[in-house]
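Enquirer: Below are the chains, spelled out letter by letter.
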Amino acid sequence: MATLQEFRTNEKSWWCPGCGDFGVLAAMQKALVTVGADPASTAIVAGIGCSGKIGNYINSYNIHVTHGRALPAALGLKLANRDLMVLAAGGDGDAYAIGMGHFMHALRRNVNVTYVVMDNHIYGLTKGQTSPTSQEGFKTKTSPKGSLERPIHPLMLAVSAGATFVAQGFSSWQPQLALLIQKGIEHPGFSLINVISPCVTYNKVNTYDWYKQSLQNLDNDPEYVPNDRTKALARLHETDELITGLVYQEESTPYEDLIPGFKDTPLVHQDLHVDPNTWKQILATLE
Amino acid sequence: MIAWKIGGDQGEGIDSTGDVLATVANRMGYFVYGYKNFSSRIKGGHTNYKVRISTTRVEAPTKRTDILVALNQETIDKNFSELDNGLLLADSVFKPMLPDNAKAQLLTLPLTAIAKDLGSVVMRNMVAVGASAALLQMPVDPFIQYVTAKFERKGPAVVESNRQAVEVGYQRIIEEYGHLLTYRLGEPHPGDRLVISGNDGIALGAIAGGCRLMCGYPITPATDIMESLVKWFPLVGGAVVQMEDELGSITAVIGAGFGGARAMTASSGPGISLMQEAIGLASVAEIPAVIVDTQRGGPSTGMPTKQEQSDLLALLHGGHGDTLRVVLTPGSIEESFEDAVEAFNLAEQFQTPVIIATDLSLSLWQQSVDRSRLNGPAQAIRRGATFSQEDLLALGANVFQRYQFSADGISPRSLPGEANGQYLATGVEHSTNGKVSEDPANRTKMMDKRLMKLQGVTQVRDGFKYEGPEDPDLILVGIGSTVGVLKEAAKQLGSNVGVAWFRTLSPFPSERVLSVLAPARHVLVVEQNALGQLRQLMTTHETTDSRYESLLKYNGVPFLPEEVVTRASALLTPVEVH
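Keeping their order, the protein sequence lines are chains F and E.
The first sequence runs 1 to 287 under our numbering.
The second sequence runs 1 to 578 under our numbering.
So that you can see chain E by itself, here it is in the shape it has in the complex (with noise of 0.2 angstroms):
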């Protein structure tokens, strides 16, 4: 496993840099994962772009880098500390300092003179990219190919000299530092894997679901899902609106949701808050909906490109009145694309909304994913309990109750255009029929009716998932992109150590999450919040007792694995008393 990292300014090219590494060893047959570190700012301040490669999956960042690129100065005083012995390669146009204390070996290349000489200083990135696949000793064969392909449109004179960028880059490394190359992977394991972020899976997830229309306003991180959507919607005859606010996107998610089609909107905090009167309204008039929060620093505007896990108690009761939702975690990029898929399927099947929470490096933060894990295709879609129009015709005219009592709560919905099933869904509260009642009787018979068909979500869904031994001394207890922290965390622990997270947070898998947790010995609950929002809600429902631990983290930076098993390992060797 090698970490490799580039970093400069904003706006210089930095992530196509990064794409290009991950792009081309994923495609290798290695496991990728890319993450970056960037500002709410178009051009100008720091930014870096962390990949790790290695022979074995991989799905979380890591303190230590072992290569790293610099193309300012700032980048080597805000990133040397993660070198341990690594190498520092740095262009020679900014004279590179190396600070004293830092453990590295510097070399020194003249990027953009190269690049200059070969027609342009856009080119800098491309000669970066070859001599990083020569500091990996990697065959820069795959990266001229790449490259190769990906200029082919802007013809064959672009494409000689970003040839040439790459071609040049390596062999200088080669020729000059050849003897101080010691990074080396192991053999690739060849798949078929594509490089995919978590809003890349849960816009596939969307469609692969039956999602035709997506209303949306832009916010980070969120945005990428508008904007694949956007791309791959006229092949399916989707439609995306980029709306005035997230207000108008979510209540016309809500009328297409009692059209009959499936849609959705995705945002973030900000606009998850403006979302919240009418997500009650689709909970109480019963219209599937679906949203997608990939959380980000809060409250108000908070750090809007920041990692944070501290919206979930408002997904769960941001709103006012009494209202249940689903909510979904997923943990990975593959549970991203898979809960994406059964949102659809459960906002139809019980007709309510269901929300999507994830936060900010799982949404943003690219992995390689095999590409047997998205099969669009063979998704099953469940639309729920329906009336058809034969069925609506067989019981006449103004008959059909909209809102009929029954054992499990959901009453068979029509679709507008079908005779016979007219009704008014409304938010305010009504009778079987839809119309308005005050009634009180009816009031507690309804209300008892919404919240008590949710909880056949816990029937058709697994909401909290455990890998480890049987028998653990420890279980880590996490969510969304904290889960695979944790997973690496336990690896480096030991076999006695678990890890578990959830997948459904409302309605809360209460009985899994005793069950699951029942053996452990410890349990340490790791999330990225300060109020630990996730051990509140384990404890309001009852699950937690005096083995509970937590770990908090809401400085913006995600979770790493070795601050995980710092304080997992003081758990397991308790202080002795003398």
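So that you can see chain F by itself, here it is in the shape it has in the complex (with noise of 0.2 angstroms):
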């Protein structure tokens, strides 16, 4: 079993002190060591941004690939080698501008990819411009009068397209942000945690003091049973999203077991050379 220590890199951290990342990545890293992860058999899969640097600071393999497309290459590395427990990471920029299109068919596709959001509200790495999940009204560098577009809501949006695994957490509740995780890989199919990470530099509206006193914790509400897609919506249009928990969670099957004759081994074991009586039959389709 690895340790904590085990999914610790030696890189010295890029993030600003007191950035919620920190906590997002000492969240990942107890999920990974409690649900028994190999950082051999881990793969994180960043966008880019000040979230996408997370890979640089766990001990797994690491793919940092070009803005707003995380999880198109999470899809094809998890197909590539289903025994690979594989992290997509990215920031509310990543996931719902340059990248919504991405989101929205993988909740559908259900792939069974863990997706890790961080959401600061702002655009942080190009030092404070408007993010789709910023405010109306919200003012930054590109939006001075405050934002003229009405926020993204990325829980609803998952909810709606099918999600099988929604949950949101908040990077200084620990337990639960580590426990939703957990949740999520464990969870065969696609699982979107959006985690509220913020952002101490450039956002200086939602701050932790905000969050702490605006969030609602799912977790001390036992009415709430996450198994109902239109409740989990009203809950979610009811509270503007300002909740943490496990939001919506169905059984699923993953992509991967749907594929007609995918196998259970993992592509990257397989011999590469076709047999000559399947080529004879490949062929025939042709005669």
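If you are wondering where the hints come from, they were derived from the structure by calculation, not from laboratory data.
No experiment lies behind these values; they were computed from the predicted model shown.
Just so it is clear, CB atoms sit at the ideal spot from N, CA and C, and this is done for glycine as well.
Check the hints yourself; a few may be wrong.
Claimed, not checked - Taking beta-carbon pairs under 7 angstroms as the criterion, some of the chain F residues facing chain E (in silico):
no.: 1; residue: G76
no.: 2; residue: S160
no.: 3; residue: F262
Claimed, not checked - Just so you have them, the derived chain E footprint on chain F, three or more residues with Cβ under 8 angstroms:
no.: 4; region: 55-68
no.: 5; region: 95-108
no.: 6; region: 214-221
no.: 7; region: 229-241
With the hints as a guide, dock the two chains, each given alone in a separate frame, to form the complex.
Expert: The structure is reproduced here in structure tokens:
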């Protein structure tokens, strides 16, 4: 069983002191240890932005791709080697702006990948511009008079798009966040864990204190059962998504189990040569 | 050699009629080449399918049509000029009119009425097939056999009515026009051949080359590759994923390549443009990926169903930053198969994106290909330099340097799942352990390593082929589907003309180009784009001189051997100066 230390690297962090992403990293490492992951069989796929650097700090196989494209890379990697534990990570810009197209399709495709989005409602690495989750009226360098657009509601979108696992955590609430990531990893299908991860440098509105005062913890509501899509949508709507906890989960068969003829043995471990009988069968379709 | 053509409205079964004729003629031992003219719509609009049937290999279109089957007047109006005293069979249902200047013998048969009598107008095409067999003076039995097998699943009634449709079409021509039949094919050359397209060749090559994942987004003329693999992959445990766009397609392929699987995507110009950023990622992170570009008319949506070769420069230099890609350019369907296999080997051996550039004509049009040239199980698989699990265990933890410098620029890779092989693959500049680095000295060395390693491709692959005399007056240079056209043109021009074609466009095979073209007195570069992109590349690599001329075409219509002959003859016969 790997230890926390085995999931760490000696890379010095590029994040600002106090960044919420430290909490996401810690919870992710904790969850990996809890589920008994092996660093060599764990893969982190990350996009571009502050969040995209997370792979630098986790001792696993890491691929850091183009902006917005973590999910297709995670899909390809999981299909290449379905024995790997594949996690994708990105920020609100990576996931819900440039990568929105992939996000929606990953939800309905349901490949067994855990997606951790570090949502700080602002663009950090480019030094403070509006993000798709910024509130209407939010003032930034690209919206000096306040954002004119309504914010994206990623959780409602996910539930509507056919997601089989939707959760939200807060980087300061470690035990809950680590548990949500753990459940996401254990879920046999695509899991979305949107994590409120405050930017201490550029977002002076949605601060730690603001979240602590605004977020409702679903764990404190014994009435809420996360197995009903309609009720999940209603709760998300009522709370403007300012909740943490498991919002929705259903029984799921991952995409890779549904592909005709796709084997349990990972592609990467199969013989690449085609055998003469199969070849004959293939050519026969062209006769 | 006989050129047969059928025309009508799109959606009327024109393609399947052509397919039947091509398939049966091929089975009888003839060589066929079938191609069509179509538009980006599903129903309506003129479409035609032409099949050249020959006793020797044929791999190019031709201007002339010997036998034209017209299902509507538009077919006559648009195609009669190709008939040079040929036969025109028209369905009497539309009261065909032959233009005054037409040089053709008009034959009419009530194709539609015959089909209706037999039960359904749908069978009009089968009546046309039977009539065509008679016009070509081919025996009807092989057609009957084919139709019987084709419709077997649909029950004896359907088999019988279709069989009759072929039979009646055949008999009516013999009875009514037997005295006019002048075309007759020579003796067939029986062999084990399949009628396949370049896209089939690529899909087959992919399977033979170990590809087990295809992520794509439908686009003309690449979609067939995806559709064939959907059909075949379950037999080998592979998967096709229809992605949300081409950005996702290429990135999924890169993810799979990082994971150690052989994966591909296939697209055409618009999709390739979208993939450019990710191709740069595969280059800098040194991840194998195979990308097929079946070129079509550009830019933008351009001419989706028309032939062009105008992506060449974009394939080499389309992305931002300094990268080299391996670009393979098959010049025939057999080479499409070989290059698909080789693309996966080169991608892993050189840890880099490999692009296979074909074009609409090469990818879609069908031709007789020897089965022996499609030997999947015999293909060699080369995985390139890797660290095995044993190597990595011997190395110890946290030691592996994924991007270590080496003499040939290639760094052995580890695959996810292997202990002690963990690393970061990133599109950011990195040091030998994969970690982000902006150190100037490291940057220079890393850039040099990536650029230098691809030069090794020239050592493992002949990038420039030549067929012709040792001391030619003229060498025709081409790429893709044009190669077949040049070969036919050279045959017509005589024994002093050779044909050379690129198999690798990048890294550019400069030495081979120089040595092959050295003896020629004239060089004619024939390509289907407006800017002369191939010639530009040759000039960039300092392989051109005053002997070079260009023949360009960019109207969407494939080159005809006749056009090349006309231009080449002018070069070979200098105008006398008085």
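Enquirer: Are there hints from earlier that the structure breaks, and if so, what are their numbers?
Expert: 2, 6 and 7
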